[in-house]
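*Asks:* Going line by line, the protein sequences match chains A and B.
Heads up: the first sequence runs through residues 1 to 320, numbered per this note's numbering.
Heads up: the second sequence runs through residues 1 to 260, numbered per this note's numbering.
By construction, these hints were calculated from the structure, which means they are not laboratory data.
The C-beta atom is built at its ideal place from N, Cα and C for all residues, glycine as well.
Watch out, some of these pointers could steer you wrong.
As the list claims (entries may be wrong) - Stretch by stretch, here's where chain A covers chain B in the computed footprint (C-beta under 8 Å, at least three residues):
1. 70 to 81
2. 92 to 102
3. 144 to 153
4. 163 to 169
5. 238 to 251
Below are the chains, spelled out letter by letter.
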Amino acid sequence: MGITNIWVFGQIANGAPTSGTLELVTKARSLGGTVSVWTGADGGAAAATLGEFGASKVCAVDYGSNLAGVAVASAMKAAIDAGDVPDLVMFPQTYEGRDVMARLSVKIDRTVLTNNIDIAASGDSVSVTTPIFGGNTLVTTSFTGSAPYLAAFRPKSFAPEAAGGAAAAVQSVSTPELGAIGGAKVVATHVEETSGPKLDEADIVVSGGRGLGESGKYEMVETLAKILKGAPGASRAIVDAGWVPYSYQVGQTGKVVKPSVYIAAGISGATQHMVGMKGSKNIIAINKDKEAPIFGVADLGIVGDVHKVLPKLIEALQAR
Amino acid sequence: MRPMKVIVCVKQIPDPATPGALGADNTLKRDGKLILDESDSYGVEMALQLVDAAGGGEVSLVSMAPNSETSGLRTALAMGAAKGVLVSDPALQGSDALTTAKILAAAVNRLGGADLVIAATESSDGYTGTVPEQMAEVLGLPSVTFAKKISIDGGTLKADRQTEAGYDEVTCSLPALVSVTAGVVEPRYPSFKGIMAAKSKPVEEVTAADLGVTPVGWAGAGQTISGVAQAEARAAGEIIEDDGEAFGKIVAFLEGLKVI
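From just these sequences and the hints, can you work out the full model?
*Replies:* The following block contains the structure:
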């Protein structure tokens, strides 16, 4: 017994596996057994890379204009019914990942454990670790009952490492008849263009929050990010207020970032935000309220007005 | 136009402004006053606007909470929802997301179903983030999760769905379930008249057994908590008051890291 058959729900962007996918494949490989990656129809093109990181098989589900959630979960269920029963299915904590795992959990009547940062397997037992209360407390949860066990992981929980494996075998999988649940169709896809490095890959991130006072002041955050060749980010408060798009959000519901330097300007440090940036190597915080929780994680904290500190900082950096 | 029935899932949670704590069984303490999860106020507002746009219909609520709690439900009723079903049952303590989805789906069926079921993308306290999509599967409905814009046109739902790279335009047949992101609409504040009216709006309280869902609570959860530990704290940093020259400290710090 033990964990011998592991499935990973993988995502492909521009023909290559996402870093979150490679993180999970790397971890799955370390748990032992065979690793199969379930993706969309574009998974075939990524078979070489996925193999290099430890996958032996790619199940490429052609789901056309269906949403990934219903389609991939239905295809997984069909495979399970046909006798290929995984011990563990790992998902990235992404929009598609959450949909697939939620649909699959009902189809096979198994619990899902989400927002994890680690996993351990010992014999038949599998446990996962989840940070709660803004990451101050770590909870370890073990699956009970029989496999398959379903678990989702936050981005950047594991370091992706190639192992030099051969290209994964590609199996094309068609979408089973979906019936009523297949009523949703994608009719157009929009990519929001951003200049500069991507928020979750940037080495320097400058984020703004409610302390900026008004939406026009966010420009200071963008300017500072540009000077430092970093990416601008935001707290949930100003995303909800409509100052910047959702894609800028750092936190529990947004992106998880782990840059070398994170600058938080006018952000108090709500749990929701801290979960997304606590793993940064160096944190600089500027906030008026010296009791703000953000100072609890800051390597350099400036108790002051962002409207005074940021312009001077920008000027000093521009003068260099 | 046909009147539209919308059911909104609302969660009543401990005030996020107060620090959370775990009880003896390692579940989140929910014994104090509970409030409407702010994330759900967007769904309530969206539902009210869609019913308005349809020219008639009704917004109902489903909620699962301990101790017959209705304060959060009353807030949503004050905004304009007509009625609700509250599932409150000590047996539900320790329920996992899957059981929660089965319970809420059964509560939706108790209300006779709907043209549209709306939920937030995730709650602000447990944030498992799977319950809406699990409910859709239990109910046999199509779904659009992470919708940031919704309209209904000739019996078809149109939504902009958040993606990693931007957004997708999605169409969906009704009945359906959607989960909406915060900011999809601007939630109204309950009026005084609304608050007074909410006090007499009907909320039916039921148990898991009434809904025919078993097993529930820890017995139905496919998980057990095996450990709780404190995360390693970050070393305390240098905190200084800005005297007008603090920007220099930041420059020096960045220089020290060789990033400028």
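*Asks:* Next step is simple, just say for each hint if it's right about the structure.
*Replies:* Right, here's what the structure says about each hint:
1. Only when three residues or more bring their CB closer than 8 Å to a CB of chain A does the claim for the stretch 70 to 81 of chain B stand; here the count is 0, and the claim is violated.
2. A stretch counts as covered by a chain when three or more of its residues have a beta carbon under 8 Å from one of that chain; for the stretch 92 to 102 of chain B and chain A the count is 4, and the coverage holds.
3. Counting residues of the stretch 144 to 153 of chain B whose beta carbon lies closer than 8 Å to any beta carbon of chain A gives 4, which reaches the threshold of three, so the coverage claim holds.
4. Taking a C-beta to C-beta cut-off of 8 Å, the stretch 163 to 169 of chain B contributes 7 residues in contact with chain A, enough for the three needed, and the coverage statement holds.
5. Chain A is given as covering the stretch 238 to 251 of chain B, and this holds because 12 residues of the stretch bring a CB closer than 8 Å to a CB of that chain, at least three being needed.
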